[in-house]
Amino acid sequence: MRHSIATSIFRKAIAGILPLLVLSIFLPAGSMAQNDGKKLFEKHCTVCHKLGEGKLVGPELVGITKVREREWLVKFIRNSKELIDAGDPVAVKVFEENNKIPMQAFTNLSDAEINGIIDYIENWEPPKAQEFTADVNKKEGFTETEILRGERMFYGLIPFENGGTTACNSCHYTKNSDSLNWSPSAIDLAHAFMEKDGMNIYASMSEPASSVMEKAHADYKLNEQEIYYISAYLSHLVHKEIKPFKIFPTRLLIFILFAVLMTLALIDLIFTRKVRYRFIHVIILMVGIAVHFNIAMVEAQNLSRTKDYAPDQPIKFSHKIHAGDNQTDCQYCHHIADHSKSAGIPSNDVCMNCHNVVQEGRNSGKFEINKILRAQKTGKPIEWIRIHNMQEHVFFSHAQHVNAGKIACETCHGPVAEMDIMRQFSDLSMGWCINCHRDTKVNFKDNEYYSTYMKLHDELKSGKIDSVTVEQIGGLDCMKCHY
Amino acid sequence: MEKKYWKSLEELNNQPEDNKSADHIPQGKNLLDVIHDEIADKPSSRRNFLKFCGFGFASAAIISSCENPVKKAIPYLNKPEDVTPGMASHYASTYFDGSDYSSILVKVRDGRPIKIEGNALSPITKGGSSARVQASVLSLYDGHARLKNPSKSGEDIDWQTLDNEVISKLKEISDAGEAIVLLTSSIISPSTIKLIEEFKTFYPGTRHVIYDPDSFSGMLMANMTTYGQAVIPDYRFEKAEVIVSFMADFLGTWLNPQEFASGYAAMRSLTNGEQKLSYHIQYETGVSISGSKADKRVRIRPSDVGGLLTGLYNSIATLAGAETLPGGTAHESFGELAPKLWENRGKSVVICGTNDPDEQILVNAINNLLGNEGNTLSYATPLLTRQGFDSEMETLVAEMKSGKVGGLILWNVNPAFDYYNPEAIKEGLKNLKVSVSFNTSLDETLGHIIYSAPAHHYLESWGDAEPKKGYFSLAQPAIRPIYNTRQAQESLLKWMNSDRDYYTYLKDFWQSNILKSGESAWRKALQDGVFQLDAAATEPGFTGSGVLPAAQKLTESAETQGFEIHLYQTIAIGTGRHANNPWLMEMPDPVSKVCWDNFAAVSPGTAQEMGLIKGSMIKIGNLELPVLIQPGQADKTISVALGYGHNAFGKVADGVGVNVFPLSTISKNCRTYRISGVEPEKTAGEYKLASTQMHHSMEGRPIVRETTLAGYLEKPDSGNELHAEFEKKHVTLYKETEFKGHHWGMAIDLNTCIGCSACVIACQAENNVPVVGKEEVMKSRIMHWIRIDRYYNGDGQDPEIVFQPVMCQHCDNAPCENVCPVSATNHSSEGLNQMAYNRCVGTKYCINNCPYKVRRFNWFRYVTNDKFDYNMNSDLGRMVLNPDVTVRERGVVEKCSFCIQRIQEKKLLAKNENRPLADNEILPACAQACPSKAIVFGDLNNPESQISKMFSDPRNYHLLEELHTLPSVGYLTLVRNKPGTEA
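In order, the protein sequence lines correspond to chains L and Y. In case it helps, this note's numbering puts the first sequence at residues 401 to 883. In case it helps, this note's numbering puts the second sequence at residues 17 to 999.
Derived by calculation from the structure, the hints in this document are not laboratory data. A hint or two may mislead.
With a straight-line cut-off of 25 Å between C-alpha atoms, the simulated DSS-like cross-links for lysine-lysine are [claimed, not checked]:
id : chain 1 : residue 1 : chain 2 : residue 2
1  : Y       : Lys-23    : Y       : Lys-795
2  : Y       : Lys-88    : L       : Lys-643
3  : Y       : Lys-532   : Y       : Lys-485
4  : L       : Lys-640   : Y       : Lys-87
5  : Y       : Lys-756   : L       : Lys-806
6  : Y       : Lys-87    : L       : Lys-845
7  : Y       : Lys-922   : L       : Lys-845
8  : L       : Lys-855   : Y       : Lys-922
Quick list of simulated restraints, FRET-style, between CB atoms [to be verified]:
id : chain 1 : residue 1 : chain 2 : residue 2 : range
9  : L       : Trp-832   : Y       : Pro-899   : 22 to 30 Å
10 : L       : Met-854   : Y       : Lys-164   : 39 to 47 Å
11 : L       : Gly-863   : Y       : Glu-741   : 39 to 47 Å
12 : L       : Ala-700   : Y       : Glu-752   : 33 to 41 Å
13 : L       : Leu-451   : Y       : Lys-922   : 50 to 58 Å
We put the CB at the ideal spot given by N, CA and C, even for glycine.
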């Protein structure tokens, strides 16, 4: 059944595209470029130029055709360096005015394509502000009924006028957090829309910012009044907080249950004597003590150990996409791991190195990446949740392990490249450290530092030992880590 | 042959030391009352026991279901290029507090300065530092005393209002032709001096008066008379083979002690095969550290100085065939000293610490007779750190009183505390139209000032300095201003209606006047912190005409009878500028071992005469002071430290000790710190001083070893014969530990250690050592990891004094390790005696079993307990803590770790750079701070290292080596340059 639908869609698609393909062969290239001026501009130019937003990396381009000859513009766009080197006075002036940052050459673009871009710039008009009858700036002061109505709509209890039956909260969760869901939570949305200078909910609903959102919202045609109610509900959510999912305290209940049972058994054994067979008391007491000891021991051992800790982060950041799919080196972002104790959470400007250009994500569209851009704009850094917390009184150095010890990141942090949600892989317990120090062999012969360890070198030479472990150079000394 | 060393008179006379008597043991619920009164009061019964059991059971169950707190990790938005989280950066800067100069490196961790180190590039301080420099970082975080906002008559105002009001007032005064006075301490910043000149032209009628509470105007006046220049010469102790000091504590507090200490130590070291020592004789009243280090120390009364100087001049003149002067007292020591000086002419130096122009003229005459100018002291590169003339201050006070001064701007001065007549100052301040203070923190003068325009702390400021002519250094901020303060220079610029900031002003000034070069030279100078100009050195000629009148005047001033008082400065507190610094307050004075108080030091003879005992009090004028019986004090004299007795300076300084500045007077136009004709009386009062002298005693075993130069030259192990004897007996049943990699060791040269205690404060800053307060110090609970032991030897009236720094000896056969029930202290594979705080359960067995008494117990949680309000219990104060060292929890034992964090850091650096560790690369805080480089640290497994060489020196011995503890710390026998072959 499903198969047949898929194939039928495929057929329809082929039927639609084929004539286009055929047409495109016969159409002159020029007309195509003219149509695609916008697309070409967005593809090649927006990294450095944004129309109507003033100077970015490159200068503002609105009205450029009135100042410069079209011929010159084409030459400059194709290869500005050539013009500058040739000593064209205008080109040199432009170059110097823009901090001597050369513009990328676009030798692969045809004249027609470049002309298409210029046409697009020439004809560009600032987007007309969308007109809304509702008060788009209203961020608080909604009545209770409005909030209630908004809540019903959000939960899909009141259908939207123009169709669309799925509830908003099926993607934008409001209760327990769930990081596997790439859509922003309702509270995240609330913050984004309701904050001062935040996003405009009317604009984003009527014109989805990213393809991910466009796809997800394809069925939704909310009218202004409905958006107004939703925003009322969101304004109410701003002050709320999503509680992480809590595991039911089964072990604690078992603990208490046995405590009660044992007390009853004791009372019955000594005072009431209702149960005739003593062995029942004995069994209850023995099992109870065993269970109690077991729970106490396990819990004590795990006190402040946080293996598999994977909290929700303020941004749905995926190591899988960055380190896995895109093969970004760990130390591109965590670049201080090489010479500092800390590996360092990358600062926002490191994110911006790529996300200045990459502004739309595969999973979450623009919403999550926008948080970085927004942090840069507002000057408020992202408050990440720390996952790897060393025990108190331990001094751990990444530089020692990564640089001197040449230990791979994955040894301690696990398969990070496969983690959509970052979690703590090792338990970071002392036993874990010690075991590794016992087994790991030191790069003894290659590092000049160890040349002063004469006695160990002698033992190596005489064959008394065949390799040097961390333990042998003091890896188990208390003050290796505790000082 | 054993010479008896003793630490206190009680020990010498076999009396019970009250630290050890039964009543000293803390009584009652001293500890429990702080922990929990309730528990202590309740009788423990079976019922209570069960209650606690049940409570424990329940809490265990609850805790086990608890969650860990969520911790946030907030990165930079835009990471500054030169900041790496988790790594320290060092910025070269300059410390100058108005009297002491030091070129420094500021260690900054994640944007906050946490430690000051000496700048090794400086030709003046050569990488050393002092206790005050080390402690200065703590004052940055003094959230109580630092001024946080500009204010008018105590009410906070904004800078704009202050500027407008001050400018209009200054204009008004200037237009009316009245005087504006800028009252400052000595200013050595060349750019500031230029700025003040500009200020003077902007507001005509402005004049600049320099006021130094520790005045050197006597010396300035004398040098004006004899050399035609009112400057202080540049003393070069590294060239002086004979040093004669009259009352000048040049290793502790006199002029530029850091530089002098390194020069002095160069002439006292025997570790590089030297065959000679300088000869140092000290004439003084109270016991200073210079006097303690002297080969011969002569007790004199303060008024004797004049006569003795004339006498010494005459003795030398006789040898030189020059004319003698009238008057003069001959001293028995001159018979030997005068020929020695004459033999070493051009290689000797005579200095005098009094502020009397006539005496200084005689000192100049003696140095001239000996031809020392241009050799051991130079006028070509004069020292500029003291510039104040007391006569100018006198004129100012008189004018203020009579209403002739319209406006006063105070900068780094506190005359209401340290002027001899504070009432006159307060009265004068009332007559002003406008008074402004640039002072950074609370002081006694502030209450009498209209406007307070607080300047930055020096670690937040730009600046420059020229401590010696031709020697420049720069200061740069190491942290953004914590409070709403403004650099004083910037205030002056603002009041001149200038838009320039001081940084631009400074940079322009340097580029056009000093560097005469562009950006790269400026950057280099800023990075190095120091810059030197080669000035053409010409020594001025000596004019002898003033000598005879000076000598005559000294003869006229008749010898005084009765008691004499000498006001001195301690090495920690000085003139009281740093009295609000808890680290300095708790630093035991190297000689008296007293902290948290000043006192009247009297000789044992005088004490007996007056019936004074420990804990007595005496009255001088209307001041009542506790008595300290100080062996070595001159008879019928009293020494009292200045700088104590603040009353509006901050919560640490206020009410500690007595302010004795009002006892000083003016004589011959100079402040004098000697007072005669006072009759002290014993009062009925009693007072307990916090003295650490008998803490951690090693019970009279041969701990200090000493010999004479002749003895050493004859036999290098002279005085240290025991060492070889004990070494022979080193046998053990057990397998000896083998150190396969490094084996860390430390050596301390008792010859070059001057007892200055810079190491104590450096260690405190590096290792987060808490301050515990006077009460706790009295209970022997001071926490310092390194202490300076002071031993007397000889008779009780006039003993010799030895300093010995003692820290954990890191014994390879450590007695503490064997007794720990939980193995919290054990031995590392690199020879360190390790301490794992998280394992320690606080039995204190190790403390009892340590023969060196170097372990300390944390009786309280000092960082969170408000009863220990010494800058470590507030969020701001905690910023000074070193993040690389654990802050110890209540109930654990701690001790010196050989700065393990620094060992680890340098080892890692070497590994990452793929090279072996260099010798002396690892410097523990104490070794780095030492101005005389008496502490050496290194790898004993490296036969080429300096430490190995020092360990094989015949002078090397270990403390209590007969116990076979095999310490990793060695001491080099003290060698004094005195007659005989046995000390």
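These are the hints, each one checked on the structure:
no.: 1; hint: Y:Lys-23 x Y:Lys-795; result: holds (18 Å)
no.: 2; hint: Y:Lys-88 x L:Lys-643; result: holds (16 Å)
no.: 3; hint: Y:Lys-532 x Y:Lys-485; result: holds (17 Å)
no.: 4; hint: L:Lys-640 x Y:Lys-87; result: holds (20 Å)
no.: 5; hint: Y:Lys-756 x L:Lys-806; result: holds (23 Å)
no.: 6; hint: Y:Lys-87 x L:Lys-845; result: violated (41 Å)
no.: 7; hint: Y:Lys-922 x L:Lys-845; result: holds (20 Å)
no.: 8; hint: L:Lys-855 x Y:Lys-922; result: holds (21 Å)
no.: 9; hint: L:Trp-832 x Y:Pro-899: 22 to 30 Å; result: holds (24 Å)
no.: 10; hint: L:Met-854 x Y:Lys-164: 39 to 47 Å; result: violated (58 Å)
no.: 11; hint: L:Gly-863 x Y:Glu-741: 39 to 47 Å; result: holds (42 Å)
no.: 12; hint: L:Ala-700 x Y:Glu-752: 33 to 41 Å; result: holds (40 Å)
no.: 13; hint: L:Leu-451 x Y:Lys-922: 50 to 58 Å; result: holds (56 Å)
Checked against the numbered hints above, the structure violates hints 6 and 10; every other hint is satisfied.
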